[in-house]
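Visitor: Chains as they are written, first to last, in my numbering: chain H, 1 to 294; chain V, 1 to 1222.
To be clear, the hints were calculated from the coordinates, so they are not data collected in a lab.
Incorrect hints may have been included.
[Said to hold, decoys possible] Derived DSSO-like pairs (lysine-lysine); straight-line CA-CA distance at most 27 Å:
#  : chain 1 : residue 1 : chain 2 : residue 2
1  : V       : Lys775    : V       : Lys710
2  : V       : Lys421    : H       : Lys183
3  : V       : Lys952    : H       : Lys283
4  : V       : Lys714    : V       : Lys801
5  : H       : Lys231    : V       : Lys421
6  : V       : Lys281    : V       : Lys248
7  : H       : Lys183    : V       : Lys710
8  : H       : Lys289    : V       : Lys1199
9  : H       : Lys287    : V       : Lys1199
10 : V       : Lys817    : V       : Lys678
11 : V       : Lys617    : V       : Lys600
[Stated by the list, open to error] Stretch-level coverage of chain H by chain V, calculated; a stretch enters the list once three of its residues show a Cβ under 8 Å from a Cβ in chain V:
#  : stretch
12 : 35-45
13 : 64-77
14 : 84-95
15 : 142-151
16 : 202-210
17 : 281-292
Glycine included, C-beta positions come from ideal geometry on N, C-alpha and C.
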Amino acid sequence: MDPYSAEGELINIHNHFHQGQYQEVVDFDASALSSENAVPARVLQLRARVALGQAEDVLADVQGETESELEAVGALAEQALGNTDAAVKTVEKLAQEAADNSTVQTLGGTILQAAGKSEEALALLSQHQGNLEAVALIVQIHLQQNRTDLAVKEVAAARRWAQDSLLVNLAESWVGLRLGGEKYQQAFYVFEELAQAPATSSVRNLVSQAVAELHLGRTEEAQAALDQALKKEPDFADGIANLLVLNVITGRDPKEVTGSLEQVDASHPFLTDLAEKSDLFDKAATKYKARVSA
Amino acid sequence: MQASSGMLTKFESKSSRAKGIAFHPKRPWILVSLHSSTIQLWDYRMGTLIDRFEEHDGPVRGVDFHKTQPLFVSGGDDYKIKVWSYQTRRCLFTLNGHLDYIRTVFFHHELPWIVSASDDQTIRIWNWQNRSLLCTMTGHNHYAMCAQFHPKEDLVVSASLDQSVRVWDISGLRKKHSAPTSMTFEDQVSRANANQTDMFGNTDAVVKFVLEGHDRGVNWVAFHPTMPLIVSAGDDRLIKLWRMSETKAWEVDTCRGHFQNASGCLFHPHQDLILSAGEDKTIRVWDLNKRTAVHSFKRENDRFWVIAAHPEINLFAAGHDNGVMVFKLERERPASTVYQNQLFYITKEKHVKSYDFQKNAESPTLLSLKKLGSPWVPPRTISYNPAERSILVTSPADNGSYELINLPRDGSGAIEPTESKRGAGNSAIFVARNRFAVLNTANQTVDIKDLTNNTTRSFKPPVGTSDIYFGGTGNLLIITPTVVHLYDIQQKKTTAELAVAGVKYVVWSNDGLYAALLSKHNVTIVTKALEQVSTLHETIRIKSATWDDAGVLLYSTLNHVKYTLLNGDNGIVRTLDQTVYLVRVKGRSVYCLDRSAKPKVLNIDPTEYRFKLALVKRNYEEMLHIIQNSSLVGQSIISYLQKKGYPEIALQFVQDPTTRFELAIECGNLEVAVEMAKQLDRPKLWSRLSAEALAHGNHSVVEMSYQKLKQFDKLSFLYLTTGDNSKLARMAKIAEHRGDFTSRFQNALYLGEVEDRIQMFKEIDLYPLAYMTAKSHGLEEECQSILEASGLSEDQLSLPKLGEPLSPPKPVVPTYKANWPTKATSVSFFEKALLGQVEGLSLEDEPSASNNAFGLEEAGDDDAATKRNGLADEDEDEDAAGWDLGDDIVPEVEEGFVNVESADAGGAGSSEADLWARNSPLAVDHVAGGSFETAMQLLNRQVGAVNFAPLKPRFLEVYQASKTYLPASAGLPALVNYVRRTVEESDPRKVLPIIPRDLEYLATNDLHRGHDSMKSNKLEEGLEIFKGILHAVLINAVSSESEVADAKKLITSASEYAVAMAIELGRRQLGSTDVVNKDPKLLKRSLEMSAYFTIPKIEVPHRQLALLNAMNLAVRSKNYNTALSFANRILANGGGGKILDTARKIKAQCERNPHDAVEIEFDQFAEFEVCAASHTPIYSGTSYEECAFDGSKYHTKYKGTVCAVCGVCEVGKHGSGLKLFA
């Protein structure tokens, strides 16, 4: 039986992880699990710790482990610490040895994509067999490559065999936010449902809800959701970035928020992108000059 | 056949056997005639006995209300027919004639007739106006058990124990007794004759049909209200249906089921149903068309004797051995649900319709649910899922069933649902976008199902669960007879519970924070965590409720719409003449469904509850607004405020001085209290005031009160305590004057004046005391003189031991000079508002133009008013700038130049940002897409933009607004999505980015700030703002051609302001006043520039300021002629206030000497524009250059420079024109 299915043992921890409730994952009592689920649960907990910023501890934890799953986690931790090359190397090795291991697929895919090797990531992920996490990753990679058409196909395929799984819902919503129109509202429902139920609410899905609201043009509601999210975790960079965008859209001065984003994550895509564009502007502006200087 | 569970009993009475029943056609009354000779009049809605009529002797079997008159008729075993007035509560007269028991009596629907059936085998028709017997119908050869008029035609139907039913034609009777309108002599004769020849024959009433088929006596018979049908009930336990035509009548069918004598039957007034009652203790409902049993309701012990239907509403009554019961066959509450601005409901025809609250329009039928459940059972609830646009309908048929159906996009008639999923369950509601919960009460389970109707999880609810409701995301409210549970579906456990008995409905507030639990007589308001907020009790049934947006619950009872605030404060909003089910409140409208499932709008006056709500929330603006805009005054509101502990607010409403005084004391407002006390001047009030003031430590008020009360002692003591010795001395004087020695003594004591005391003692011959006083204070001389005066010597006295002389304490602080500094009683916002001190509430919403440095000594409110007036005229102000190039000549931007730079590498597609640039020829869309080069290219072509540096903030602003960051898979960066202004669009070829600070925003925010800075003379700031506006419009997009015109207006206006401000700033930079005055060249330039400042076309009130400035400067430099021209222009612009007064004065002054001392280059009569770069005139007729974007004018020599106004475009470079709308 699929341990992640609705009746499986791992459903709760699995859902917690993908709802972004990392602390709940770490706090999950894994001792009662049956033996075959112990490793996947441990992997999830380790990944949650990486997401919570405890990559070093995790690395120490899996040092010397030989199971491919744990090696993959080690690579993930390495990457989180900035040692991308080492991580990629490990993944490439694992991809040779155990490409059919679902943990290797998902973690490997994540690492490769983060390192910019989208093609390799897709190649590894495409070997999955009924691994929803891999599907979600493939969808995300397609979206990052602006291949919305492929992402739509991937989701539709997954829908057929995993009708109502959390991950499929999430992936569909990601695609929905790209497609727009009516899909905005549907994506909003998914995020709202997660964000507003106390049992599933997390900073990540609150921010997601806010993003959906923002796309729907409902700035006040977006503001409320972001406030809620940042109250929970004031340092959540993506939340701050979206707040910044919201401020600009509503005509408010974004200076303060920009400051806090710089403080939290100076290398956030928003800032790097902005700096890049600022340079671009200056460069482009030099092409023009008045015929007569005043 | 269904068991009796479906019976909806509304009223039951206990009495002896009930034989006759009649509903009042309008009022909630029912008449019951009893076997015990009494006739009872009940209010079945309130459940009260209104009256009893006891004049019959023996059982009364028949009663009937008159349709319009306050009358009723009864017939009894005393052979008498009595006509009663229920107003005067007595029998008006008795009709005698029958020779045996009377079984039934009925009024005719329009003629003043009564028909009666009797055991004397006759049926008689009576005229109750002239109290005569009109006709006796003979033919039955056994007891006539029942006789009724046909509701429309001239027919009577009768039933008899002779086993027959007879139909009588009484048209002859009508002819004979109808008003003699135009009657020939012959007619009259024949009529007179007829009357006489009527002795035996029945030409007035002839038997039309005799219906035979029952093989026992027939107890009851009734006509169908519209169709030619008759139903009869007999001792053969059968209900027979008969049909008749003009010429014949025949038996249609028989309904079998009663297992004892059937005593009564009737047709349902509105539905194709037959109801019958029998001695087998059952009431049975039959399908008229199929003659099959639909329902049967059984009573334990009582045989039924009679059944009656209400003529209008869906109510029935049946009389049995121990009283009557009033009941309904089905719930009349239409199933409905509200989502945002739409109401979904199911009509009586089982059609699903929607109603739009915004358009106030009903949709056509969306769906037909004819096939749902059994035909006579209406659906109970409907639950709507906006995400899937599907509905979940439950029906009590088949022991509870539900059906999940998708709604079509738009209704086009009664479509049968194409695909539906159904199952068994008593309640079914959506709990999430793709989940619904189904309660099965029989086996007590709740199933959570997905949209394919598969159970995803299932659990046992708390014992005795009777219903489930939505409980907030992921939660259910589970209703048991005594307790409500909040149940978390995920955790499968109750997270909260509250003991509320008999909850029937749950209504959530619009914000989802509160829910109202409705039971039969109680409303309980709870939070979303199921904590009780308040509860209230109603004696009358509560039917429905809905929340106002502000958090007020409106609920309906049988006859009222009422409100309750969260704190339980409630009241009546309006009365109802029929029961309705509230679904929505919006402003003054309450939307509801009536019992026939038609949407209705009721108008209400929400003032009262809004006021109370504002009071609770201390929202004083709102309160003030309500007070100013509605007639909410009077004693009730004052006593309400006082009772609720807001005397200070109540104070604001009261005029009556006594009440004002009381309220002022209550809220400690001494000022008002003093004022009122002065007005009333009653000792009682003063003493209360003094006590209150004393408590406050406000001694000056205390002093005044004591003075008024002439309480000298208290006054003296007050002065002592406050250390006011001078007033004490005066008190002593007064005491002396009054001859009040005690008082004088006391004052002297307070003052420490020993001599005065001794003197006083001497005056009243109390020498021993005088001596003692002198002695104790060591005044030996005085002692001696006293001794001498009394003729005694010291030896003769025996003195007690003397202590230290008493001296009064010296004041440390001169308290009397002022009251103790008490904490200023905070003037409530409300009071301020009422005093007109609050900004934004008073009509004068701009207190004054602040910091006005244009030489206005006092910029009063009048000026502000003129400014506003001026602004109001804004639209009429012609934007005369000749800049509008006209759209016709704007060449289409060629598609070719758009830089397609989609990197196809690595199988990646092009991002939406790239699409924007492709989709749009507007610079702003290129900016948002990050394609700055192409944006610059566009601007360069359109308006000759060359200097882009000032646009950088705007470029980045637009760019920053374009993307969001969606956290997706762990470990990967957030997914970037692109924010659109075309939210509804999903075609990638049409999507366009969002634009921050669009035209509307600029016009409402930035432009106003600019105007404000002009008014407050912050010109540097203003210049920046107007330039900012220009930049923001340059990189912008609008949605229609008309908005393009608005944008151009905005550009022109901003440009004119920028030029004006730049001129005045330039003038101020010439130097300080002294420096300028000393240098004739500078002075000339200064005067010129002040004159040019008046040229740009800015708003009139602002131009007045510029003119005033120029005028004052001119006068100061004795340029009276120029000043005169400014004064004239000011006066010509009109308005009011200070500026005009000044202008008039100066005009008068200048006209005496209309000469200029300094010659300047300013011809008041010439038409000219001001060069934006050099700030010198460009006279009309001379050539000039202009900025293609903002339209500012330049001398030709500035061609090719960067525009001084926008700072972006090249002067004289003509582009294709700014494009804001594609």
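Visitor: To test your reading of the hints: which numbers does this structure violate?
Guide: 1, 4, 5, 6, 7, 11, 12, 13, 14
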